[in-house]
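Chemist: For the sequence shown, this note's numbering assigns the number 1 to the initial residue and increments by one for each residue that follows.
Because the hints were derived from the structure by calculation, they are not lab data.
It is possible that some hints are incorrect.
To be verified - No more than 30 Å apart at the CA atoms, straight line, and that leaves these computed lysine-lysine pairs for DSS-like:
#  : residue 1 : residue 2
1  : K136      : K236
2  : K43       : K94
3  : K94       : K12
4  : K289      : K305
5  : K43       : K17
6  : K17       : K299
7  : K43       : K305
8  : K125      : K94
9  : K312      : K251
10 : K251      : K263
11 : K136      : K125
12 : K43       : K289
13 : K251      : K236
14 : K305      : K236
15 : K264      : K78
16 : K252      : K289
17 : K299      : K43
18 : K63       : K76
19 : K94       : K136
20 : K63       : K12
21 : K94       : K78
22 : K70       : K94
23 : K252      : K12
24 : K17       : K136
25 : K289      : K323
26 : K76       : K323
27 : K63       : K78
28 : K312      : K323
29 : K263      : K289
30 : K323      : K305
31 : K305      : K263
32 : K125      : K289
33 : K125      : K251
34 : K94       : K149
Claimed, not checked - Restraint ranges, calculated between C-beta atoms of paired labels, are given here:
#  : residue 1 : residue 2 : range
35 : P269      : L83       : 41 to 47 Å
36 : A73       : P150      : 17 to 23 Å
37 : L83       : V270      : 22 to 28 Å
38 : G304      : L242      : 41 to 47 Å
39 : Y225      : E303      : 36 to 42 Å
Heads up, the beta-carbon is just placed ideally off N, CA and C, and yes, glycines get one too.
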Amino acid sequence: MPLPSANCEVVKLAEIKIGDNLLGYYALRTCELIPHSNGVRLKLELADSSGRMAGIMWDDEAKAVYPAIKDAAVVKVKGLMSLYQGRPQVQVEKIRAANSDEYEAADFLPVSSMPTEQLEVGISKLIESISDQEIKRLTLAVIFDEEIKPLYFLAPGGTTWHHPYVGGLAEHSLSMATAAALLCEHYTFLDRSLMVAGALLHDVGKINELEVSSTLSYSVAGRLYGHIVMGYELVKAKAVELEIAEDENVKKLLHMILSHQGKKEFSVPVEPCFEEAFALYFLDEIDSKLNAITRIRNKPENEGKDFSGFVKILQTYLYLNCKSEIEEEQ
1 MPLPSANCEV VKLAEIKIGD NLLGYYALRT CELIPHSNGV RLKLELADSS
51 GRMAGIMWDD EAKAVYPAIK DAAVVKVKGL MSLYQGRPQV QVEKIRAANS
101 DEYEAADFLP VSSMPTEQLE VGISKLIESI SDQEIKRLTL AVIFDEEIKP
151 LYFLAPGGTT WHHPYVGGLA EHSLSMATAA ALLCEHYTFL DRSLMVAGAL
201 LHDVGKINEL EVSSTLSYSV AGRLYGHIVM GYELVKAKAV ELEIAEDENV
251 KKLLHMILSH QGKKEFSVPV EPCFEEAFAL YFLDEIDSKL NAITRIRNKP
301 ENEGKDFSGF VKILQTYLYL NCKSEIEEEQ
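Generate the whole structure from the sequences, applying the supplied hints.
Modeler: Shown next, in the form of structure tokens:
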């Protein structure tokens, strides 16, 4: 990748301070030309592996550059990091579409803190611990299918809300399956095989719902059908191939995939109707929301604040204060 000019250090968006100049290559997530009372403004959202950042450009310059960048995947940007309504924002001075030989798409994507090898080992151990042989065969056949496996360990858990990074799907699934195994130690009436397999397979449809390029986005099929339906179809097809589709626990597992988001208002075809299905839904809520809340807490713009901004999906402000390590040691 060609380097920007020597008088401007290349740093990640999350590391740039208010008042700093920036010059570098960024994924272009949003590009909208919006009229205002005296002209137009170009509303941008830039991204790299450290996160996302709003950008703005005004009037004649915005109007002139818009046609050349509106469909760009990656742009080269020169600008100034400023503060607008308490949030960081790039005041863009110059912007152009980047040439394909100037960047690697993977450079702009956040990645799970857990290496792929660690995720694979953890998931393999949990599959090995499944006692129901049909459920074990099915889970192994799906996740370690030669076409599915690379996508399963590449896919994000989402595009913006929870686990929105490469490897996020596997990290989220492993976390849920680990919690599911522990939950079964307390609620001993829960079927551990169903709980572990449900956790590992509930979001498998995201391998086809989400696309990984210079940004994380939805595929056409993802928009049309969604990961729940696609995941159900994928697992059902594998069960038919293994000739176990009529097994009672396989039927229950398929129901758990269809119902794991809990309510029809959250786009599930059916709502949970037995203990393991409800437990999987609650675990998904816990793991996804705790991941999202932790990421909000750790955003640079929230450092030192008592509360986050209003989080629409949670309908609340998050309280960010916690005891420091020094206080805990005293």
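Chemist: It remains to establish, for every hint, whether it holds in the given structure.
Modeler: Each hint tested on the structure:
no.	hint	verdict
1	K136 - K236	holds (14 Å)
2	K43 - K94	holds (14 Å)
3	K94 - K12	holds (18 Å)
4	K289 - K305	holds (20 Å)
5	K43 - K17	holds (21 Å)
6	K17 - K299	holds (13 Å)
7	K43 - K305	holds (27 Å)
8	K125 - K94	violated (51 Å)
9	K312 - K251	violated (36 Å)
10	K251 - K263	holds (20 Å)
11	K136 - K125	holds (11 Å)
12	K43 - K289	holds (29 Å)
13	K251 - K236	holds (9 Å)
14	K305 - K236	violated (48 Å)
15	K264 - K78	violated (46 Å)
16	K252 - K289	holds (25 Å)
17	K299 - K43	holds (21 Å)
18	K63 - K76	holds (17 Å)
19	K94 - K136	violated (55 Å)
20	K63 - K12	holds (27 Å)
21	K94 - K78	holds (5 Å)
22	K70 - K94	holds (14 Å)
23	K252 - K12	violated (46 Å)
24	K17 - K136	violated (50 Å)
25	K289 - K323	holds (21 Å)
26	K76 - K323	violated (41 Å)
27	K63 - K78	holds (17 Å)
28	K312 - K323	holds (26 Å)
29	K263 - K289	holds (16 Å)
30	K323 - K305	holds (14 Å)
31	K305 - K263	violated (34 Å)
32	K125 - K289	holds (25 Å)
33	K125 - K251	holds (24 Å)
34	K94 - K149	violated (41 Å)
35	P269 - L83: 41 to 47 Å	holds (45 Å)
36	A73 - P150: 17 to 23 Å	holds (22 Å)
37	L83 - V270: 22 to 28 Å	violated (47 Å)
38	G304 - L242: 41 to 47 Å	violated (55 Å)
39	Y225 - E303: 36 to 42 Å	holds (40 Å)
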